[in-house]
Amino acid sequence: MALTMLMIHPLVLAKLEVGQHLYWQIGGLKLHGQVFLTSWFVIGTLLLVSFLATRNIQRIPSGLQNFMEYALEFIRDLAKNQIGEKEYRPWVPFVGTLFLFIFVSNWSGALIPWKLIHLPSGELAAPTNDINTTVALALLTSLAYFYAGFSNRGLGYFAKYIEPTPILLPINILEDFTKPLSLSFRLFGNILADELVVAVLVLLVPLFVPLPVMVLGLFTSAIQALIFATLAAAYIGEAIEGHGGEEHE
Amino acid sequence: MMNFVWLLAVEAAETVEEGGGLFDLDATLPLMAVQFVLLAVALNALFYKPLGKVLDERDGYISANQVDAAERLAKAEAIAKQYQQELGETRRQAQAVIAEAQQEAQKIAAQTVAAAQQEAQAQREQVQRELDEQKSQAMATLEQQVDGLSRQILDKLLGSLAA
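Residue numbers (the numbering used here), protein chains in the order written: chain Y, -11 to 237; chain P, 153 to 315.
Excised from the complex, chain Y in its bound form:
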């Protein structure tokens, strides 16, 4: 059968490695080298594109400037919808960087054949498929919305814990823990699962069959970036306005 013929090669072509890291030692600290390598690539790409887009700013935009203006307007709309017309401007850089960083990370993981570069241990992949990255982003989001709440409402921010009734106090406190938890695990799980599914399919059938899954992976990657940024903006907006409303997908 054709299937058995195809299966001789996958064992050589693809090998699944999960949970192995390229460790770097700095002082007494252990770092995941592969995450930093790809994140530097992502950061470099973002900075380079931003630099090229703003190098020669025109009133009538064209080319890269036009594209990046479209991206900026998309981010602004996102922040405006979630945070509100009045307060959204200072939060555009945070929400926008969340979206761009996660989006470029996910797509670089899906589009660039990182696995062709061999590391002594572990393998290169999207930075967002490491739990450290997603937890870092989620904790920053928590910090951001606490900061937004306190800077806008002072100590009155604590009032939101007993809204609408003091009975909900435990649940409201619990929410502050579940928010970063759900944010980080949603992103981490989706990206890791996508890469694993693609890797397993490549292992089984290396040609053409993984392609639809890869396309689907591109789609979920983009959606996950959008969800993370939207939720972060929604949390910030909620902290600023102080309605007890919960916004989940």
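The reader is advised that the hints may include incorrect statements.
What follows is a set of in silico ranges between Cβ atoms, one per label pair, in the way DEER data are often shown [to be verified]: (1) Leu169/Y <-> Ala226/P: 58 to 68 Å; (2) Ile159/Y <-> Ala226/P: 58 to 68 Å; (3) Trp12/Y <-> Leu207/P: 33 to 43 Å.
Since the hints were made in silico from the structure, they are not lab data.
The beta carbon of each residue, even a glycine, is placed where N, CA and C say it ideally should be.
Start from chain Y and add chain P according to the hints.
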């Protein structure tokens, strides 16, 4: 064969235990956070601020232009309206002038016709009068001649008689 590969895949996915694993939180986390904040700051300076300024400026430019254009449109419409008004007025005036001129022309024509008729009448009367006069003159001379002739005839007759 199928099962064998499957087992391999599962086995590969389970090699989590040695050194770290999936949920291996370490110094990567804070460093990544710091890196992300730095990226946000850098992108703010490099991307959000300059392009945001351009977007806002363009918005201002466009809305200013729009207001200007709306003003000019209103002005143009007012001018067109005024033009229409003036056009109508002028047309009305022209019609009045034409009507007046026609009236005047009719009057003049009537006058002229009347005068001409009068003159013709007068001339005819004069001619009639002259004709009458000449006729009476001619009659008178004719009468004289008739008298003369009749006397001559009488003379001749009498003469022949006498002779």
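Structure-based check of each hint:
no.	hint	verdict
1	Leu169/Y <-> Ala226/P: 58 to 68 Å	60 Å, holds
2	Ile159/Y <-> Ala226/P: 58 to 68 Å	59 Å, holds
3	Trp12/Y <-> Leu207/P: 33 to 43 Å	41 Å, holds
In summary, this structure violates none of the numbered hints.
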